[in-house]
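Asker: Given next are the chains, with one letter for each unit.
Protein chains: 2
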Amino acid sequence: MREIHPQDLEDIAVGAAILGTGGGGDPYIGKLLARGAIEVNGPVKMISLEELPDDAKVVTCGAMGAPTILIEKVPSGEEMLLALRHYEDVTGETVTALMPFEAGGLNSCLPIVLAAQTGLPLVDADGMGRAFPQLEMETFNVYGVKAAPVAVADERGNLAMVETESAAKAEFLARSLCIRLGGQVSIVNYPMDGATAKRVSVPATMSLAQDMGRVLREAKTEKKETLVALIEFLKTTHYGHAELLGSGKVSDIERKVENGWSVGVVTISPFDGSASYKIRIQNENLMLEREGQILAVVPDLICLLDIDTCEAIPTERLRYGQRIDILGIRVPEIMRTPEALAVFGPKAFGIEVDYSVLGGR
Amino acid sequence: MREIHPQDLEDIAVGAAILGTGGGGDPYIGKLLARGAIEVNGPVKMISLEELPDDAKVVTCGAMGAPTILIEKVPSGEEMLLALRHYEDVTGETVTALMPFEAGGLNSCLPIVLAAQTGLPLVDADGMGRAFPQLEMETFNVYGVKAAPVAVADERGNLAMVETESAAKAEFLARSLCIRLGGQVSIVNYPMDGATAKRVSVPATMSLAQDMGRVLREAKTEKKETLVALIEFLKTTHYGHAELLGSGKVSDIERKVENGWSVGVVTISPFDGSASYKIRIQNENLMLEREGQILAVVPDLICLLDIDTCEAIPTERLRYGQRIDILGIRVPEIMRTPEALAVFGPKAFGIEVDYSVLGGR
Chain B
2 MREIHPQDLE DIAVGAAILG TGGGGDPYIG KLLARGAIEV NGPVKMISLE ELPDDAKVVT
62 CGAMGAPTIL IEKVPSGEEM LLALRHYEDV TGETVTALMP FEAGGLNSCL PIVLAAQTGL
122 PLVDADGMGR AFPQLEMETF NVYGVKAAPV AVADERGNLA MVETESAAKA EFLARSLCIR
182 LGGQVSIVNY PMDGATAKRV SVPATMSLAQ DMGRVLREAK TEKKETLVAL IEFLKTTHYG
242 HAELLGSGKV SDIERKVENG WSVGVVTISP FDGSASYKIR IQNENLMLER EGQILAVVPD
302 LICLLDIDTC EAIPTERLRY GQRIDILGIR VPEIMRTPEA LAVFGPKAFG IEVDYSVLGG
362 R
Chain D
2 MREIHPQDLE DIAVGAAILG TGGGGDPYIG KLLARGAIEV NGPVKMISLE ELPDDAKVVT
62 CGAMGAPTIL IEKVPSGEEM LLALRHYEDV TGETVTALMP FEAGGLNSCL PIVLAAQTGL
122 PLVDADGMGR AFPQLEMETF NVYGVKAAPV AVADERGNLA MVETESAAKA EFLARSLCIR
182 LGGQVSIVNY PMDGATAKRV SVPATMSLAQ DMGRVLREAK TEKKETLVAL IEFLKTTHYG
242 HAELLGSGKV SDIERKVENG WSVGVVTISP FDGSASYKIR IQNENLMLER EGQILAVVPD
302 LICLLDIDTC EAIPTERLRY GQRIDILGIR VPEIMRTPEA LAVFGPKAFG IEVDYSVLGG
362 R
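Protein sequence lines, in the order shown, are assigned to chains B and D.
The numbering used here puts the first residue of the first sequence at 2, with every later residue one more than the last.
The numbering used here puts the first residue of the second sequence at 2, with every later residue one more than the last.
Next up, chain B with everything else stripped away, as it sits in the complex:
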């Protein structure tokens, strides 16, 4: 068990922004909300999957929407509590533990807010090991947990529950409510017991985010090469491999909100004038290409980092002229099985290429 104190949030937000691969919402907002909630309610208990009782009633939680909307329609932190209470009211169940459905971006921090508000323990795991744009793109779904019921809440107290067998349908229906509630809502979903959570979750992703933040902070203090330190650290984790895939300047951005997502293409031009990198985006960075060659593709992580600070730049904050290191991180084994690739491999995003694991194994 770790306790999450306000000072831990700095590291978590930095690491979660990298795991966000551009999406999941800017964790800066989540960090502020989490700090406020911890200052009022005290530190949050974060437990590992091993520490989670088999009979625990776990739900996952976070925000749904387009990150470009999220930075204008900022969550208050109360919507998650509304969604949880609505879930409990409707199902008659009492939740005993919370888990992020997405450890990347803002959605790493929002479950901390809810854990502080409720006093419930937070499970150090998630279902994405990064950020993905759709509710069905969860190891929970890959390994047989139903996404529904999905409780939806907005900041005005509008509530809904969706009950459906298919996770993709749950996504489709909850997304339509999300769009009509202004493009950003809080949700509670994927109820499961502790024993199931141990089987279907990507472990230790919250602590990974925190450790990534810590490694960068320490490297800065010690005047070391931050990116080198981060890559070396990632090789020691269950993710196992990371590498610098390219560097350059943002020379073009196409970005729009479509069907409730931020979609587009960002172009990064190397400083030496050689061929540009193209990155395809749906909330998250999905595929990195150069001269028709695919350098990395989902589910592996494609992270756009500020070349000076090594901090991740989320999709909605990309601007012309930013100087970028493109970091690739391989996802853990649980996210690379054929079942997993069927749910969040390239073809799940309409990208007609086969997945090729980053680093070749």
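Simulated from the structure, these hints should not be mistaken for laboratory data.
Hints are not guaranteed to be accurate.
If chains are identical, the list can't say which one is meant, so a pair holds when it fits in one copy or spans any two.
[As the list claims (entries may be wrong)] Computed list of lysine to any residue pairs in SDA-like fashion (alpha-carbon distance at most 20 Å, straight line):
1) K279 with S248
2) K170 with I180
3) K170 with G158
4) K170 with R181
5) K257 with S77
6) K225 with D212
7) K221 with I232
8) K279 with Q323
9) K170 with G184
10) K221 with P333
11) K236 with G247
12) K199 with P333
13) K147 with G158
14) K147 with R157
15) K279 with F350
For clarity, every value in this text was computed on a predicted model and none was experimentally measured.
Position chain D against the provided structure of chain B, taking the given hints into account.
Answerer: Below, chain D without anything else, positioned relative to chain B:
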């Protein structure tokens, strides 16, 4: 108390099609479903508002969607039961009486199906006195009843509940689910007690539909002028006034499905070559114009009747060349108050004209 037997459904369907003013779905489908349900479960008890106990737990029910979709994606009759059971499961309440939210069109017959399936009494009243395209366009809402929770169900067992303060928001959110579930779903909503139902409902609209059907049937048997008989009958009811507004041939139809509704304009050209009638449609016939002059407008009923049979032609069955009598029917007093006109008067449909009561009073 009346009992509804299979032979009564013929009259109800004919009358409800007229009250549908083009919308509410073709009652032919509802009639078949109701006949099947009554043959299996026995006749339905229809009670007046006066007979309804003050402490009854009433919900309203029916189908939501575009009529043009409804004739292809036909309800099975099971979705309503799913919606009702979901409503009861989620709220923990036991419903003791059913009411149509819309006595026009298909939605007059679907509550009969549910009443037969459950053995619950059907209240002889509704919230529209006709058909309207949107959930908030109900006297229930006008006079202070909350539309939510709204239970939504489709034929595949997909379920949702929407909880929100505003009836317009309930419409907006349920409509988004309706669209993503294929454009046609069953809903249960506007929960209220019997005492409230007496105050906020348009009374005796189901029996009015049945009586209109009977009047037409008897006039045909007796070789009388059917339209004259219908108009004379309507003058004796709480609707109080009806008149023939014009006749002609359908000479043009613009019709499309937009935002989950069937919208368009139908042109009817008189046989003598004089100026055409234009009827604006959003599921229902909203406004009748000729040479820039408004002859009738919502909430008054504009009914397109087959000139030979006096039967209503719903929006989705309008075809070039059909010979039409345009019948206007004034709505009852409860639907013409300033509060009511704010909710379903012309401006609620974006029609920037003032309501002028049909028949001048």
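Asker: Hint by hint, note whether the structure agrees.
Answerer: Cross-check of the supplied hints:
Taking CA atoms no more than 20 Å apart as the test, K279 paired with S248 passes inside one copy only; the shortest distance there is 12 Å, against 64 Å between copies. For a Cα distance limit of 20 Å, the shortest separation of K170 from I180 qualifies both inside one copy, at 15 Å, and across copies, at 13 Å. Taking CA atoms no more than 20 Å apart as the test, K170 paired with G158 passes between copies only; the shortest distance there is 12 Å, against 24 Å inside one copy. Taking identical chains as interchangeable, the C-alpha atoms of K170 and R181 lie at most 20 Å apart whether they share a chain (17 Å) or sit on different chains (9 Å).
For the identical chains of this complex, K257 and S77 are neighbours neither inside a copy (25 Å) nor across copies (40 Å), given an alpha-carbon limit of 20 Å. For a Cα distance limit of 20 Å, the shortest separation of K225 from D212 inside one copy, 16 Å, qualifies, whereas the shortest one across copies, 88 Å, does not. Taking the closest pair of Cα atoms, K221 and I232 come within 20 Å of each other only inside a single copy of the chain (14 Å); across copies the shortest separation is 87 Å, beyond that limit. For a Cα distance limit of 20 Å, the shortest separation of K279 from Q323 inside one copy, 15 Å, qualifies, whereas the shortest one across copies, 58 Å, does not.
Taking the shortest alpha-carbon separations for K170 and G184, both the intra-copy value of 18 Å and the inter-copy value of 15 Å come in at or below 20 Å. In the homo-oligomer, the alpha carbons of K221 and P333 never lie at most 20 Å apart, since the shortest distance is 27 Å inside one protomer and 77 Å across protomers. For a Cα distance limit of 20 Å, the shortest separation of K236 from G247 inside one copy, 18 Å, qualifies, whereas the shortest one across copies, 81 Å, does not. Taking the shortest alpha-carbon separations for K199 and P333, only the intra-copy value of 15 Å comes in at or below 20 Å, while the best inter-copy value is 63 Å.
Taking the closest pair of Cα atoms, K147 and G158 come within 20 Å of each other only across two copies (15 Å); inside a single copy the shortest separation is 25 Å, beyond that limit. In this homomeric assembly, K147 and R157 come within 20 Å of each other (Cα to Cα) only across copies, at 16 Å, whereas the closest approach inside a single copy is 28 Å. Taking the shortest alpha-carbon separations for K279 and F350, only the intra-copy value of 16 Å comes in at or below 20 Å, while the best inter-copy value is 46 Å.
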